[in-house]
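Line order of the protein sequences matches chains A and B.
Take 1 as the starting number for the first sequence in the working numbering and just add one per residue.
Take 1 as the starting number for the second sequence in the working numbering and just add one per residue.
Read the hints as simulated data drawn from the structure, not as lab findings.
Incorrect hints may have been included.
To be verified - Here are the simulated DSS-like pairs of lysine-lysine, each with C-alpha atoms no more than 27 Å apart in a straight line: (1) B:Lys121 with B:Lys171; (2) A:Lys39 with A:Lys52; (3) A:Lys171 with B:Lys121; (4) B:Lys126 with A:Lys171; (5) B:Lys127 with A:Lys171; (6) B:Lys42 with B:Lys52; (7) A:Lys121 with B:Lys171; (8) B:Lys52 with A:Lys52; (9) B:Lys52 with B:Lys127; (10) A:Lys171 with A:Lys121; (11) A:Lys127 with B:Lys171; (12) A:Lys52 with A:Lys127; (13) A:Lys52 with A:Lys42; (14) A:Lys39 with A:Lys121; (15) A:Lys126 with B:Lys52; (16) B:Lys171 with B:Lys126.
To be verified - A few chain B residues facing chain A, derived, Cβ under 8 Å: (17) Phe57; (18) Gly80; (19) Leu108; (20) Pro115; (21) Ala154; (22) Ala158; (23) Leu160; (24) Trp165; (25) Gln184; (26) Thr186; (27) Phe189; (28) Gly192.
As the list claims (entries may be wrong) - Distance windows between CB atoms, simulated: (29) B:Arg76 with A:His47: 25 to 31 Å; (30) A:Arg19 with B:Tyr46: 32 to 38 Å; (31) A:Thr177 with B:Gly43: 49 to 55 Å.
All C-beta atoms in this analysis are idealised placements derived from N, C-alpha and C, irrespective of residue type, glycine included.
Number of protein chains: 2
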Amino acid sequence: MHREATIEPRQEILRAAARLFQQQGYDATSMNDVAAALKLSKGGLYHHFQSKDEILFHIMSHAMDITEERVINVVRRTEGAEERLRTLIRLHIEVVLSEEDREITVMLHENHPLPPALRRKINGRKKDYVHFVENLVADVQRQRNSTSQVTPRAAAFALLGMINWIYQWYKPDGSLTGDALVRQYTDIFFRGAVG
Amino acid sequence: MHREATIEPRQEILRAAARLFQQQGYDATSMNDVAAALKLSKGGLYHHFQSKDEILFHIMSHAMDITEERVINVVRRTEGAEERLRTLIRLHIEVVLSEEDREITVMLHENHPLPPALRRKINGRKKDYVHFVENLVADVQRQRNSTSQVTPRAAAFALLGMINWIYQWYKPDGSLTGDALVRQYTDIFFRGAVG
């Protein structure tokens, strides 16, 4: 029973901090605000994270973990280049649309100043993901003997732009449902970039 | 001569402020910092802008003015639906790639807290632009008797995502040149969404 109560304090801190950063701005949020939102003592918070930078870094790392678990790992276990690309598009859109993870994953794309060493780690993981998508696009183009003039690299950036931009406009109660979005984006990308 | 020296102080303030907001964060930048960066007295700055919110609002408005002048107005003067859409893609990418305007236009997509009334004004202009793109896509689909299952709305969001995401990854000295980017994005979008 004790274990249940203490197993996820770090995740809860990251989630509460991410929410505050979005509501009132990163710079305007203090470690005290984060502690207060969680009814933690300052010491209780500092036991887990030494600084706001460290919290931001772990929010971004957690967002990359989510992408790795829910997108990359599933795609790796999928058979066939084309099905892998379709799966990636669907799962990445699902991560973006996930109400539960949104406050964490959206932080990946905000330009908050992070110390260079931490920034490099996050950027490295982002780049790995771009390469993963790029290779997948190349595989599908090869398999389809595609005559497309579109390079896998430009295609990967176009796809990630389409998907990550969803944060900017999507309303869960809007006329465009998640399913319709997956179908249409898959259609645009397959016809446009690997057809 | 006197006129030349005073004609653009507001624009210079906006530009310097945008630069500071990106370097050190919006919340961490004070009106004093902005005044100091421009070697202005605090009174001199407050003569033009009453608050940081007002500066941010005018940066965003200016970014929308740039889009209107350099993209929308040129597209409106262009003949033929297809050529209009091609022109829009090229000119919007050029605005994003413009080193000179980047610090202003990138601010449009940052989620800084703006008072609701000002936020609504900016969002209204952003929505007008989405509708403009959406109508253009519908025109091209109609003209081509397109059998695409892609709705103009989803297509417009996909296109704006592809283009506005360029801020996140583009390096002027990278292997993907601006021209190649325009060509490939036009190709992806035309084949994918209106083909």
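Results for each hint:
The straight-line distance between the Cα atoms of Lys121 of chain B and Lys171 of chain B is roughly 32 Å, outside the 27 Å bound, and the hint therefore fails. Of the pairs offered as hints, the one joining Lys39 of chain A and Lys52 of chain A holds, with about 17 Å between alpha carbons and a cut-off of 27 Å not exceeded. Of the pairs offered as hints, the one joining Lys171 of chain A and Lys121 of chain B holds, with about 19 Å between alpha carbons and a cut-off of 27 Å not exceeded. Between the alpha carbons of Lys126 of chain B and Lys171 of chain A the distance comes to roughly 15 Å, so the proposed pair stays at or under 27 Å and holds.
At most 27 Å may separate the alpha-carbon atoms for a hinted pair to count; Lys127 of chain B and Lys171 of chain A meet this at roughly 14 Å. Straight-line distance between C-alpha atoms of Lys42 of chain B and Lys52 of chain B comes to about 13 Å, which keeps the hinted pair within the 27 Å bound. A distance of roughly 19 Å separates the Cα atoms of Lys121 of chain A and Lys171 of chain B; the hinted pair therefore holds under the 27 Å criterion. Taking the CA atoms of Lys52 of chain B and Lys52 of chain A, the gap is near 24 Å; set against the 27 Å cutoff, the hint holds.
Note on Lys52 of chain B and Lys127 of chain B: the hinted pairing holds, with a Cα-Cα distance of about 24 Å set against a maximum of 27 Å. Taking the CA atoms of Lys171 of chain A and Lys121 of chain A, the gap is about 32 Å. The hint is violated against a cut of 27 Å. For the hint linking Lys127 of chain A to Lys171 of chain B, the alpha-carbon distance of about 13 Å falls within 27 Å, and the restraint holds. Taken as a hint, the Lys52 of chain A and Lys127 of chain A pair is honoured in the structure, with Cα atoms around 24 Å apart against an allowance of 27 Å.
A threshold of 27 Å between alpha carbons decides the hint, and for Lys52 of chain A with Lys42 of chain A the separation of about 13 Å falls inside it, so the pair holds. With a CA separation close to 31 Å, the supplied pair Lys39 of chain A and Lys121 of chain A exceeds the 27 Å bound. In summary, the hint linking Lys126 of chain A to Lys52 of chain B is not supported, as the alpha carbons are separated by about 32 Å, beyond the 27 Å threshold. Between the alpha carbons of Lys171 of chain B and Lys126 of chain B the distance comes to roughly 26 Å, so the proposed pair stays at or under 27 Å and holds.
For Phe57 of chain B, the interface hint is violated, since its Cβ never comes within 8 Å of a Cβ in chain A; the closest pair sits about 16 Å apart. Below 8 Å, beta-carbon pairs count as interface contacts, and Gly80 of chain B has none with chain A, the closest being about 21 Å; its hint is therefore violated. Checking Leu108 of chain B against chain A: minimum C-beta separation of about 10 Å lies over 8 Å; hint violated. With a least beta-carbon distance of about 13 Å to chain A, the hint placing Pro115 of chain B at the interface is violated under the 8 Å criterion.
About 4 Å separates the beta-carbon of Ala154 of chain B from the nearest beta-carbon of chain A, less than 8 Å, and the hint is met. Because the beta carbon of Ala158 of chain B sits about 5 Å from the nearest beta carbon in chain A, less than 8 Å, this interface hint is met. Given the 8 Å rule on beta carbons, the hint for Leu160 of chain B holds: about 7 Å separates it from the nearest Cβ of chain A. With a least beta-carbon distance of about 3 Å to chain A, the hint placing Trp165 of chain B at the interface is held under the 8 Å criterion.
Annotation: interface hint on Gln184 of chain B holds; nearest CB of chain A at approximately 4 Å, less than 8 Å. For the restraint placing Thr186 of chain B at the interface with chain A, the shortest Cβ-Cβ distance is roughly 10 Å, beyond the 8 Å limit, so the hint is violated. Taken as an interface hint, Phe189 of chain B checks out: its beta carbon lies about 6 Å from the nearest beta carbon of chain A, inside 8 Å. Restraint check, Gly192 of chain B versus chain A: the minimum CB separation of about 2 Å is within 8 Å; hint holds.
Separated by about 60 Å at the C-beta atoms, Arg76 of chain B and His47 of chain A break the suggested range of 25 to 31 Å. Checked against the hint of 32 to 38 Å, the pair Arg19 of chain A and Tyr46 of chain B passes, with Cβ atoms roughly 34 Å apart. For the hinted restraint 49 to 55 Å between Thr177 of chain A and Gly43 of chain B, the CB-CB distance of approximately 54 Å keeps it satisfied.
When the structure is compared with the earlier hints, violations turn up for hints 1, 10, 14, 15, 17, 18, 19, 20, 26, 29 and for no others.
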